[in-house]
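Chemist: The lines below spell out each chain.
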Amino acid sequence: MPQIFPKKANVLPILSLGGALLGGVALIFLVWYYFSPEFLVVGYQPDQPVAYNHEFHAGQLGMDCRYCHNWVENSAHANVPPTQTCMNCHNQIKTQSPQLLKVRESWATDTPIQWVKVHHLPDYAHFSHASHVNNGVGCETCHGRIDKMEVVYQAEPLSMGWCLECHRQPELYLRPNEEVTTMGYVHPENFVEINLARIQEEGIQPPTNCSACHY
Amino acid sequence: MRNLLTTGLILSVLLLAGCRGTTSDRNPIHPNPNMDWQPKYQAQEKNTFFADEAAMRKPVAGTVARGLLKEDPIFYTGRTEAGDYVERLPIETTRDLLERGKERYEIFCAVCHGKSGDGNGVIMVGGPQGKGYGYTPAPSYHVDRLRQVSDGYLYDVIANGIRNMPGYAQQIPVRDRWAIVAYIKALQLSQNATREDLTSEQIARIQSGRSANIDGSRSGASSSQ
Chain A
1 MPQIFPKKAN VLPILSLGGA LLGGVALIFL VWYYFSPEFL VVGYQPDQPV
51 AYNHEFHAGQ LGMDCRYCHN WVENSAHANV PPTQTCMNCH NQIKTQSPQL
101 LKVRESWATD TPIQWVKVHH LPDYAHFSHA SHVNNGVGCE TCHGRIDKME
151 VVYQAEPLSM GWCLECHRQP ELYLRPNEEV TTMGYVHPEN FVEINLARIQ
201 EEGIQPPTNC SACHY
Chain B
1 MRNLLTTGLI LSVLLLAGCR GTTSDRNPIH PNPNMDWQPK YQAQEKNTFF
51 ADEAAMRKPV AGTVARGLLK EDPIFYTGRT EAGDYVERLP IETTRDLLER
101 GKERYEIFCA VCHGKSGDGN GVIMVGGPQG KGYGYTPAPS YHVDRLRQVS
151 DGYLYDVIAN GIRNMPGYAQ QIPVRDRWAI VAYIKALQLS QNATREDLTS
201 EQIARIQSGR SANIDGSRSG ASSSQ
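First to last, the protein sequences are chains A and B. Numbering-wise, UniProt numbering puts 176 at position 176 of the first sequence, and it's gapless, one number per residue. Numbering-wise, UniProt numbering puts 6 at position 6 of the second sequence, and it's gapless, one number per residue.
So that you can see chain A by itself, here it is in the shape it has in the complex (with noise of 0.2 Å):
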């Protein structure tokens, strides 16, 4: 009687166990790397009806952010500015520009530039953007360096294990209020240490529990 197997079918016991071992590291990298918000998510960079620049206005020409954004210290939604505001500056400058030619349709047909809006929370986690910003998160530190982005792309995951990270260690990111608006802003030595106490001392208690942002 022959025999069933044949003499080299003694790898395949090795072969299936290297296999399913090295197939299981390779699935959960592949799950952790590619299934993960920071690669489905991040660097979202749709095209805008209006190719507006936040590398010239914030960073070359300076402007403060809340200059355009400017309910973002006074209400949960950081407004994206009507016309109104492009045409404080731009109703003499550039007056011409084929680029700007959406911006004077609208101020003169009176209808809203429909923007596309990059960093999109699901409509069941509300945000507050004037509780992070009075109490000293920086732009800087949610949606990267907006003052050298020519387009905005997203550059954090937004996702609720990146908010809880802060919740849960706000000393990490936290800055002075004065510098929450600043572009690059460096972290003196002994931040941790002052953010701890200013954290003390101004009660802030970021909340880790489902009714602060689910409801």
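Please note: incorrect hints may appear among the correct ones.
When the alpha-carbon atoms are kept at most 16 Å apart in a straight line, the in silico EDC-like pairs for lysine to aspartate or glutamate are as follows [said to hold, decoys possible]:
(1) B:K115 with B:E99
(2) B:K46 with A:D110
(3) B:K115 with B:E103
(4) A:K117 with A:D47
(5) B:K46 with B:D36
(6) B:K58 with A:D110
(7) B:K58 with B:E45
(8) A:K117 with B:D25
(9) A:K148 with A:E55
(10) A:K148 with A:D64
(11) A:K94 with A:E105
(12) B:K115 with A:D64
(13) B:K46 with A:D123
(14) A:K117 with A:E156
(15) A:K117 with B:D36
(16) B:K40 with A:D123
(17) B:K70 with B:E81
(18) B:K131 with B:D118
(19) A:K102 with A:D47
(20) A:K102 with B:D52
(21) B:K40 with B:E53
(22) A:K117 with B:E45
Partial selection, computed: residues in chain A whose CB lies under 10 Å from chain B [claimed, not checked]:
(23) A76
(24) Q92
(25) Y124
These are calculated hints, taken from the structure and not from any lab test. No experiment lies behind these values; they were computed from the predicted model shown. For every residue, glycine included, the Cβ atom is placed at its ideal position computed from N, Cα and C.
Since the structure of chain A is provided, determine the placement of chain B on it from the hints.
Modeler: Frame of chain A, contents of chain B only:
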């Protein structure tokens, strides 16, 4: 054989998927998008029901919201009932108000008028040749005409604009407008002061390299009026 398989696998994954951190105009992938965009309208969203496709509708002219009657004309318009500009701002000028004014001034006004109020903001002197970007030049605050104007007039210019300057009523809340007025007054004072206006203590502070402010450690803030 194994090597070939693994390299092939890695290569194909890299080709298909790319790396983290690359930008793309493709929509973000949410595995479960069920309640991402709920059938409700949030601020500044799109509503195709209306001709202009804005979900936010403008209030009818003449309507008054509860709590926003604006019954104090001096505070809200800078004018008395008779229509004259008020001489002094109707709220108390405190250190906090001036610091708020400085902050707001540097956000909204310094772009054209410059941080010192000389009319040399980046819009006026920026650009490749340093000749600005073609906006009508902003006047310096440190001329006699503007030193003598009333607070109500400055408030009115912020709220409603004047000639080539647009109004900032939609960007700057009422109390902040008064804070800016107070700060402009302090700026004017600071640029038109003589040695005689200072106390000997303040002169000593300046000579020792500190600010003339009472609290010299708070950088850049103007002395209160």
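Chemist: Indicate, hint by hint, whether the structure satisfies it.
Modeler: Here's how the hints hold up against the structure:
Straight-line distance between C-alpha atoms of K115 (chain B) and E99 (chain B) comes to about 14 Å, which keeps the hinted pair within the 16 Å bound. About 15 Å separates the Cα atoms of K46 (chain B) and D110 (chain A), which keeps this hinted pair within 16 Å; it holds. A C-alpha spacing of about 10 Å is found between K115 (chain B) and E103 (chain B), which places the hinted pair at or below 16 Å, so the restraint holds. Our distance criterion of 16 Å between C-alpha atoms is met by K117 (chain A) and D47 (chain A), whose separation comes to about 10 Å.
Between the alpha carbons of K46 (chain B) and D36 (chain B) the distance comes to roughly 15 Å, so the proposed pair stays at or under 16 Å and holds. Distance restraint check for K58 (chain B) and D110 (chain A): the Cα-Cα separation of roughly 11 Å lies within the 16 Å cut-off, and the hinted pair is therefore satisfied. A hinted pair counts as satisfied when its Cα atoms are at most 16 Å apart, and K58 (chain B) with E45 (chain B) qualifies at roughly 14 Å. Under the criterion of a C-alpha separation no larger than 16 Å, the hint pairing K117 (chain A) with D25 (chain B) is consistent with the structure, at around 12 Å.
Distance hint between K148 (chain A) and E55 (chain A) is fulfilled; the C-alpha atoms sit about 5 Å from each other, no more than 16 Å. A C-alpha spacing of about 14 Å is found between K148 (chain A) and D64 (chain A), which places the hinted pair at or below 16 Å, so the restraint holds. A distance of roughly 14 Å separates the Cα atoms of K94 (chain A) and E105 (chain A); the hinted pair therefore holds under the 16 Å criterion. Only pairs whose Cα atoms come within 16 Å are accepted, and K115 (chain B) paired with D64 (chain A) is accepted, the gap being roughly 13 Å.
For the given pair, K46 (chain B) sits about 14 Å from D123 (chain A) by alpha-carbon distance, which is consistent with the 16 Å threshold. With a C-alpha separation of about 15 Å, the suggested pairing of K117 (chain A) with E156 (chain A) holds against the 16 Å cut-off. Between the alpha carbons of K117 (chain A) and D36 (chain B) the distance comes to roughly 13 Å, so the proposed pair stays at or under 16 Å and holds. Between K40 (chain B) and D123 (chain A), the direct Cα distance comes to roughly 9 Å. Compliance with the 16 Å bound is thereby established for this hinted pair.
Restraint check for K70 (chain B) and E81 (chain B): the C-alpha separation of about 13 Å stays at or below 16 Å, so the hint holds. Restraint check for K131 (chain B) and D118 (chain B): satisfied, since their Cα atoms lie roughly 15 Å apart, inside the 16 Å limit. With a CA separation close to 14 Å, the supplied pair K102 (chain A) and D47 (chain A) stays within the 16 Å bound. About 14 Å separates the Cα atoms of K102 (chain A) and D52 (chain B), which keeps this hinted pair within 16 Å; it holds.
Between K40 (chain B) and E53 (chain B), the direct Cα distance comes to roughly 14 Å. Compliance with the 16 Å bound is thereby established for this hinted pair. A threshold of 16 Å between alpha carbons decides the hint, and for K117 (chain A) with E45 (chain B) the separation of about 9 Å falls inside it, so the pair holds. Because the beta carbon of A76 (chain A) sits about 8 Å from the nearest beta carbon in chain B, less than 10 Å, this interface hint is met. The closest approach between the C-beta of Q92 (chain A) and any C-beta of chain B is roughly 5 Å, which is under the 10 Å cut-off, so the hint is satisfied.
A least Cβ separation of about 5 Å between Y124 (chain A) and chain B falls short of the 10 Å threshold, and the interface hint therefore holds.
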